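Q: Please work from the sequences and hints to get the whole structure.
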Amino acid sequence: KAGVTQTPRYLIKTRGQQVTLSCSPISGHRSVSWYQQTPGQGLQFLFEYFSETQRNKGNFPGRFSGRQFSNSRSEMNVSTLELGDSALYLCASRDITGGKDTEAFFGQGTRLTVV
Amino acid sequence: AQTVTQSQPEMSVQEAETVTLSCTYDTSENNYYLFWYKQPPSRQMILVIRQEAYKQQNATENRFSVNFQKAAKSFSLKISDSQLGDTAMYFCAFLPWGGSEKLVFGKGTKLTVNP
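The listed protein sequences derive, respectively, from chains A and B. The first sequence begins at 1 in our numbering and counts up by one. The second sequence begins at 116 in our numbering and counts up by one.
One thing to keep in mind: the hints can contain errors.
What the hints assert, rightly or not - Cut-off 20 Å, straight-line C-alpha distance, at most; resulting in silico cross-link-like pairs (SDA-like, lysine to any residue):
| # | chain 1 | residue 1 | chain 2 | residue 2 |
| --- | --- | --- | --- | --- |
| 1 | B | LYS217 | A | ARG73 |
| 2 | B | LYS217 | A | THR113 |
| 3 | B | LYS217 | A | THR38 |
| 4 | B | LYS222 | A | GLN44 |
| 5 | B | LYS217 | A | GLU82 |
| 6 | B | LYS217 | A | ILE26 |
| 7 | B | LYS225 | B | THR135 |
| 8 | B | LYS225 | A | THR38 |
| 9 | B | LYS188 | B | THR175 |
| 10 | B | LYS170 | B | SER180 |
| 11 | B | LYS222 | A | GLN108 |
| 12 | B | LYS217 | A | SER51 |
| 13 | A | LYS57 | B | TRP212 |
| 14 | B | LYS225 | A | GLN41 |
| 15 | B | LYS222 | B | GLU130 |
| 16 | B | LYS222 | A | ARG111 |
| 17 | B | LYS217 | A | ARG15 |
| 18 | B | LYS217 | A | ILE96 |
| 19 | B | LYS217 | A | GLU75 |
| 20 | B | LYS217 | A | LEU83 |
| 21 | B | LYS222 | A | PHE60 |
| 22 | A | LYS57 | B | TYR147 |
| 23 | B | LYS217 | A | GLY62 |
| 24 | B | LYS222 | A | LEU88 |
| 25 | B | LYS217 | A | ASP95 |
| 26 | B | LYS217 | A | ASN56 |
| 27 | B | LYS217 | A | GLY58 |
| 28 | A | LYS57 | B | GLY213 |
Stated by the list, open to error - Covered, in the sense of this in silico footprint (three residues per stretch, anywhere, with C-beta under 8 Å from a C-beta of chain A), are these stretches of chain B:
| # | region |
| --- | --- |
| 29 | 160-172 |
| 30 | 219-226 |
As the list claims (entries may be wrong) - Short derived list, chain A residues pointing at chain B, Cβ under 7 Å:
| # | residue |
| --- | --- |
| 31 | SER27 |
| 32 | GLY28 |
| 33 | ASP95 |
| 34 | PHE106 |
Derived from the structure by calculation, the hints contain no laboratory data. As the structure is a computational prediction, the values presented were derived from the model and not from experiment. By construction, the Cβ of each residue, glycine as well, lies at the ideal position given by its N, Cα and C atoms.
A: Take a look at the structure:
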């Protein structure tokens, strides 16, 4: 099985712009979560989607949004970028149907730099 | 809200020796999962080992084992016969029982294995 794929791997944006990051989960996984990783704050949960519905949301401003498509692929969007949004954004997928394994499989992340 | 604390920002160990990474957590939940994730320079988070809180037996996975003390809310990771490839950031993470993905991570411990 292919792993979790995140695109792009690297991104440089200007303050005030918006950005869209993409995540393709492992085939069959319907839960997709997003995390922001920074040196100062560590890993912080952004949101989780399951079957195209947002099930859980972290403590981030409304500039951070996401969605999930019927094929379970997910996108996250950050509008009006700020310098502090520079981070590694990680996506994780899980198979949570039928009480299966709770292991989250992570992608390699998208490194976003805001200048 | 749950919190996870890793009190050792950095550790080093000689190849073939044993090292223990510490993790404590705070929660009012009775059922939950605990994980240790490894993040090498490639950035991809890889699950090392997991523990279900209802299981008294400590989890083991080849050279990796945990010491889970539920009453003390402690979850340490022991790496035996350390290898150069074990050099990475190690994150302790907490997941409440119930299926909704919201991993709470510690700040991480940077482990260096020296030849």
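Q: Each of the hints needs a verdict: does it hold here or not?
A: Each hint tested on the structure:
For the hint linking LYS217(B) to ARG73(A), the alpha-carbon distance of about 18 Å falls within 20 Å, and the restraint holds. For a cut-off of 20 Å, the pair hint linking LYS217(B) to THR113(A) is broken: about 25 Å separates their Cα positions. At roughly 17 Å between alpha-carbon atoms, LYS217(B) and THR38(A) fall within 20 Å of each other, so this suggested pair holds. At roughly 10 Å between alpha-carbon atoms, LYS222(B) and GLN44(A) fall within 20 Å of each other, so this suggested pair holds.
Annotation: proposed proximity of LYS217(B) to GLU82(A) is violated, straight-line Cα distance about 25 Å (limit 20 Å). Restraint check: the Cα-Cα separation between LYS217(B) and ILE26(A) comes to about 18 Å, which is no more than 20 Å; the hinted pair holds. A distance of roughly 12 Å separates the Cα atoms of LYS225(B) and THR135(B); the hinted pair therefore holds under the 20 Å criterion. Only pairs whose Cα atoms come within 20 Å are accepted, and LYS225(B) paired with THR38(A) is accepted, the gap being roughly 15 Å.
Proposed proximity of LYS188(B) and THR175(B) is supported: the alpha carbons are some 18 Å apart, at most 20 Å. Between LYS170(B) and SER180(B) the CA atoms are separated by roughly 14 Å; this keeps the pair inside 20 Å, and the hint holds. For the given pair, LYS222(B) sits about 19 Å from GLN108(A) by alpha-carbon distance, which is consistent with the 20 Å threshold. As the CA atoms of LYS217(B) and SER51(A) are separated by approximately 16 Å, the hinted pair is consistent with the 20 Å bound.
Restraint check: the Cα-Cα separation between LYS57(A) and TRP212(B) comes to about 17 Å, which is no more than 20 Å; the hinted pair holds. Of the pairs offered as hints, the one joining LYS225(B) and GLN41(A) holds, with about 15 Å between alpha carbons and a cut-off of 20 Å not exceeded. Restraint check for LYS222(B) and GLU130(B): not satisfied, since their Cα atoms lie roughly 24 Å apart, outside the 20 Å limit. Distance hint between LYS222(B) and ARG111(A) is fulfilled; the C-alpha atoms sit about 19 Å from each other, no more than 20 Å.
Simply put, LYS217(B) and ARG15(A) have alpha-carbon atoms about 29 Å apart, too far for the 20 Å limit, and the pair is violated. Restraint check: the Cα-Cα separation between LYS217(B) and ILE96(A) comes to about 13 Å, which is no more than 20 Å; the hinted pair holds. Of the supplied pair hints, the one linking LYS217(B) and GLU75(A) holds, its CA atoms being roughly 18 Å apart against a limit of 20 Å. Proximity of LYS217(B) to LEU83(A) is assessed by CA-CA distance (about 25 Å); at most 20 Å being required, the pair is judged violated.
Note on LYS222(B) and PHE60(A): the hinted pairing holds, with a Cα-Cα distance of about 18 Å set against a maximum of 20 Å. With a CA separation close to 19 Å, the supplied pair LYS57(A) and TYR147(B) stays within the 20 Å bound. A hinted pair counts as satisfied when its Cα atoms are at most 20 Å apart, and LYS217(B) with GLY62(A) qualifies at roughly 18 Å. Between the alpha carbons of LYS222(B) and LEU88(A) the distance comes to roughly 14 Å, so the proposed pair stays at or under 20 Å and holds.
A hinted pair counts as satisfied when its Cα atoms are at most 20 Å apart, and LYS217(B) with ASP95(A) qualifies at roughly 14 Å. This hinted pair checks out: LYS217(B) and ASN56(A) have alpha carbons roughly 7 Å apart, not beyond 20 Å. For a cut-off of 20 Å, the pair hint linking LYS217(B) to GLY58(A) stands: about 8 Å separates their Cα positions. Pair hint LYS57(A) plus GLY213(B) holds up; C-alpha atoms about 15 Å apart against a cutoff of 20 Å.
Interface restraint, the region 160-172 of chain B with chain A: holds (4 residues with C-beta to C-beta distance below 8 Å; minimum three). For the region 219-226 of chain B, the proposed coverage by chain A is satisfied: 5 residues have a C-beta within less than 8 Å of a C-beta in that chain, meeting the threshold of three. Interface hint at SER27(A): violated, since its Cβ lies 18 Å from the closest Cβ of chain B, which is beyond the 7 Å cut-off. With its C-beta approaching chain B no nearer than about 16 Å, GLY28(A) sits outside the 7 Å limit, and its interface hint is violated.
For ASP95(A), the suggested interface contact is broken, since its CB lies about 11 Å from the closest CB of chain B, more than 7 Å. Nearest Cβ of chain B to the Cβ of PHE106(A): about 4 Å, under the 7 Å cut. The hint holds.
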